[in-house]
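Please construct the entire structure, taking both the sequences and the accompanying hints into account.
Letter by letter, the chains look like this.
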Amino acid sequence: MNHSMPDGSPYVPKWAEISRIEKLTESEKLFELRLSNGQPLGHKPGQFVEVSVLGIGEAPISISSPPINDNSFELAVRKVGNVTNAMHNLGVGGKLGIRGPFGTNFPIDEAKGKDILFVAGGIGLVPLRSFIKFVLENRKDYGEVTVLFGARNPSEQLFLSELEQWRGRKDISYLETVDRADENWKGNVGVITTLFPKVQVDPAKTICVVVGPPVMYRFVIMETKAKGIPDKQIFLSLERRMKCGLGKCGHCQINNIYVCQDGPVLRYSDIFALEEAL
Amino acid sequence: MEHFLLEKNRLNEFLSALRNYEVFAPVRKVGLTVFELITNPKEAMLDLKNQPQSPKRVIFPQSEILLVFDKNNAAKEPKGRVGQKPQVVFGVRPCDARGFHMLDPVFEREYPDPYYLQKRQSTLLVGFHCSEPYPNCFCTSVGGNPSSPEGLDILLTDLGEQYFLEVITSKGEQVAKEGAAVLSSPTSQQQTEKEKLSGMAPQKIRRTIDTEGIASKIEKHFDHSLWRELSGKCISCGICTYTCPTCHCFDIQDERVRGRANRLRIWDSCMFPEYTLHASGHNPRPTRTERLKNRMYHKFKQNIDLYGVPGCVGCGRCITLCPENVDLVANLKVIKNL
Numbered sequence: 001m002n003h004s005m006p007d008g009s010p011y012v013p014k015w016a017e018i019s020r021i022e023k024l025t026e027s028e029k030l031f032e033l034r035l036s037n038g039q040p041l042g043h044k045p046g047q048f049v050e051v052s053v054l055g056i057g058e059a060p061i062s063i064s065s066p067p068i069n070d071n072s073f074e075l076a077v078r079k080v081g082n083v084t085n086a087m088h089n090l091g092v093g094g095k096l097g098i099r100g101p102f103g104t105n106f107p108i109d110e111a112k113g114k115d116i117l118f119v120a121g122g123i124g125l126v127p128l129r130s131f132i133k134f135v136l137e138n139r140k141d142y143g144e145v146t147v148l149f150g151a152r153n154p155s156e157q158l159f160l161s162e163l164e165q166w167r168g169r170k171d172i173s174y175l176e177t178v179d180r181a182d183e184n185w186k187g188n189v190g191v192i193t194t195l196f197p198k199v200q201v202d203p204a205k206t207i208c209v210v211v212g213p214p215v216m217y218r219f220v221i222m223e224t225k226a227k228g229i230p231d232k233q234i235f236l237s238l239e240r241r242m243k244c245g246l247g248k249c250g251h252c253q254i255n256n257i258y259v260c261q262d263g264p265v266l267r268y269s270d271i272f273a274l275e276e277a278l
Numbered sequence: 001m002e003h004f005l006l007e008k009n010r011l012n013e014f015l016s017a018l019r020n021y022e023v024f025a026p027v028r029k030v031g032l033t034v035f036e037l038i039t040n041p042k043e044a045m046l047d048l049k050n051q052p053q054s055p056k057r058v059i060f061p062q063s064e065i066l067l068v069f070d071k072n073n074a075a076k077e078p079k080g081r082v083g084q085k086p087q088v089v090f091g092v093r094p095c096d097a098r099g100f101h102m103l104d105p106v107f108e109r110e111y112p113d114p115y116y117l118q119k120r121q122s123t124l125l126v127g128f129h130c131s132e133p134y135p136n137c138f139c140t141s142v143g144g145n146p147s148s149p150e151g152l153d154i155l156l157t158d159l160g161e162q163y164f165l166e167v168i169t170s171k172g173e174q175v176a177k178e179g180a181a182v183l184s185s186p187t188s189q190q191q192t193e194k195e196k197l198s199g200m201a202p203q204k205i206r207r208t209i210d211t212e213g214i215a216s217k218i219e220k221h222f223d224h225s226l227w228r229e230l231s232g233k234c235i236s237c238g239i240c241t242y243t244c245p246t247c248h249c250f251d252i253q254d255e256r257v258r259g260r261a262n263r264l265r266i267w268d269s270c271m272f273p274e275y276t277l278h279a280s281g282h283n284p285r286p287t288r289t290e291r292l293k294n295r296m297y298h299k300f301k302q303n304i305d306l307y308g309v310p311g312c313v314g315c316g317r318c319i320t321l322c323p324e325n326v327d328l329v330a331n332l333k334v335i336k337n338l
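Residue numbers (my numbering), protein chains in the order written: chain A, 1 to 278; chain B, 1 to 338.
It should be emphasised that the hints constitute simulated quantities derived from the structure, not laboratory data. Wrong hints could be hidden among the right ones.
What the hints assert, rightly or not - Straight-line C-alpha distance at most 35 Å; calculated DSBU-like pairs for lysine-lysine:
#: 1; chain 1: B; residue 1: Lys71; chain 2: A; residue 2: Lys95
#: 2; chain 1: A; residue 1: Lys95; chain 2: B; residue 2: Lys119
#: 3; chain 1: A; residue 1: Lys227; chain 2: A; residue 2: Lys114
#: 4; chain 1: B; residue 1: Lys119; chain 2: A; residue 2: Lys232
#: 5; chain 1: B; residue 1: Lys71; chain 2: A; residue 2: Lys44
#: 6; chain 1: B; residue 1: Lys220; chain 2: A; residue 2: Lys227
#: 7; chain 1: A; residue 1: Lys79; chain 2: B; residue 2: Lys217
#: 8; chain 1: A; residue 1: Lys95; chain 2: B; residue 2: Lys79
#: 9; chain 1: B; residue 1: Lys76; chain 2: A; residue 2: Lys14
#: 10; chain 1: B; residue 1: Lys217; chain 2: A; residue 2: Lys232
#: 11; chain 1: A; residue 1: Lys14; chain 2: B; residue 2: Lys79
#: 12; chain 1: B; residue 1: Lys76; chain 2: A; residue 2: Lys95
On a predicted model such as this, the values are computed, not experimentally measured, just so you know.
Put into structure tokens, the structure is as follows:
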């Protein structure tokens, strides 16, 4: 065996150039990127990449776009740590290191012909958007599509122009809520579970995909159980402090799984008994 | 494989003869015995009982530059890696040699890790039969043996005035060839003496735990309130993980040196609260109880499921060096008896 370096090193990032930046909220920006080698990233909805800003470090970031023909991909990033703050200081033309894509993807094939219930809490919409957009682009492959989106307050809603399109679409049901309204908000007020009574599902043919903060999962699962959706038809994306993405550094281990490789997208029936997962 | 005899007073000559190798051996440094590159055989301290650190760091260093980025952001190899001489690690305990067997599958699995594997392939392990085990050694409870050649290329047994030298692998044969001038043939009496010592060695291990069934007990009682008691003394200092020959967790960090960036890998510890802390502030493993429980789960359940063996070689360092006397063997017994 020859382990020559650095070409053979799984720690070497590829370089990507920022081609567009969109401010989403006060603390989140969308970065459109293209790999400098002209190749597609080769990801599937739900996977993540290790993003690096040289001299600052690396951070695991979920990919927010489905595979796109022009080889671009999108990362929506909240500025919260060293790497993400450094990303927010970059402009168009700025370079980021990319390793990956890593991990499991949303059930794009298993959900074909089935109804899909998307449940997104806060920036959980960022990874889930890759699957929602994939389904909308391949709309005829899927049955009834329902999107539930909850944000803490109206100013924390992401992808406003896309939400506006979803509100107007006849081929999906889009329901939204905020925990706390402002004076302009006319919609539902309350946590995301308050949307469930408004939703009708056929539990036998519904795939439910949930992404949100850790506290949300437990309560959403209570609602899916009440609707009779089997645990094996529920998919979650887990967040962990992943460092290597290679199943070695240990950080994302939960009992017998490494979230960077066995996840981040996991079937609820496979992890409901997994301590510390939810 | 062949057997030789090495007179103790010719050990330095033997080490000096290994010109084609970089030799690492335990050396005395600020009151500690640590494995370091030696230039003079006299530096070697063959005090097996006094090794607070395992030789893990020779192949998986505590801090290691993975990538050096040049002005154009191109990733380069760190200097000094290519064409380096093969390494000999001298003075390895059999438990620590087995420790590398626990690390190998982690770095070999999907996405092979060239940094570890290159050094591993070019490193020979010369070990010593543990004739006087530590009070906290329990290698025989986790599949080891103080006189085991497993994982070693050469095994030495102390016969008093001489070492009985057994060549275990073909890599070891090369080393024996380089030092052939100071080796002689053992007598049948010395051979018998060596076998007698090997047979006696396991009986000198004073601590034992029957690990059969531990994995299922850990899983079954994952929610038990006893974990809180077991971790009550732990201060999350991480010494158990830093001295462990099988722990492999690491962090990846960048540093700037004269305007350029290096990417490093640095040992990390699952005992630290920051280890699992999310950017959001959420921590899935927030207290010492979850962290200690996770470490035991990883060693005695996950490792068995993934690789078929416990992730522990029974070296006893985590027990001996814990400032709060958290005792892994005692804790395993508590879980076993639940």
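Each hint, compared with the structure:
1. Note on Lys71 of chain B and Lys95 of chain A: the hinted pairing holds, with a Cα-Cα distance of about 13 Å set against a maximum of 35 Å.
2. For the hint pairing Lys95 of chain A with Lys119 of chain B, the CA-to-CA distance comes to about 33 Å; that is within 35 Å, so the pair holds.
3. For the hint linking Lys227 of chain A to Lys114 of chain A, the alpha-carbon distance of about 16 Å falls within 35 Å, and the restraint holds.
4. With a C-alpha separation of about 44 Å, the suggested pairing of Lys119 of chain B with Lys232 of chain A is violated against the 35 Å cut-off.
5. A C-alpha spacing of about 33 Å is found between Lys71 of chain B and Lys44 of chain A, which places the hinted pair at or below 35 Å, so the restraint holds.
6. Distance hint between Lys220 of chain B and Lys227 of chain A is fulfilled; the C-alpha atoms sit about 30 Å from each other, no more than 35 Å.
7. Between the alpha carbons of Lys79 of chain A and Lys217 of chain B the distance comes to roughly 43 Å, so the proposed pair goes past 35 Å and is violated.
8. With a CA separation close to 25 Å, the supplied pair Lys95 of chain A and Lys79 of chain B stays within the 35 Å bound.
9. For the hint pairing Lys76 of chain B with Lys14 of chain A, the CA-to-CA distance comes to about 13 Å; that is within 35 Å, so the pair holds.
10. As the CA atoms of Lys217 of chain B and Lys232 of chain A are separated by approximately 27 Å, the hinted pair is consistent with the 35 Å bound.
11. Of the pairs offered as hints, the one joining Lys14 of chain A and Lys79 of chain B holds, with about 21 Å between alpha carbons and a cut-off of 35 Å not exceeded.
12. Restraint check for Lys76 of chain B and Lys95 of chain A: the C-alpha separation of about 18 Å stays at or below 35 Å, so the hint holds.
Of the numbered hints stated above, those contradicted by the structure are hints 4, 7, listed in ascending order.
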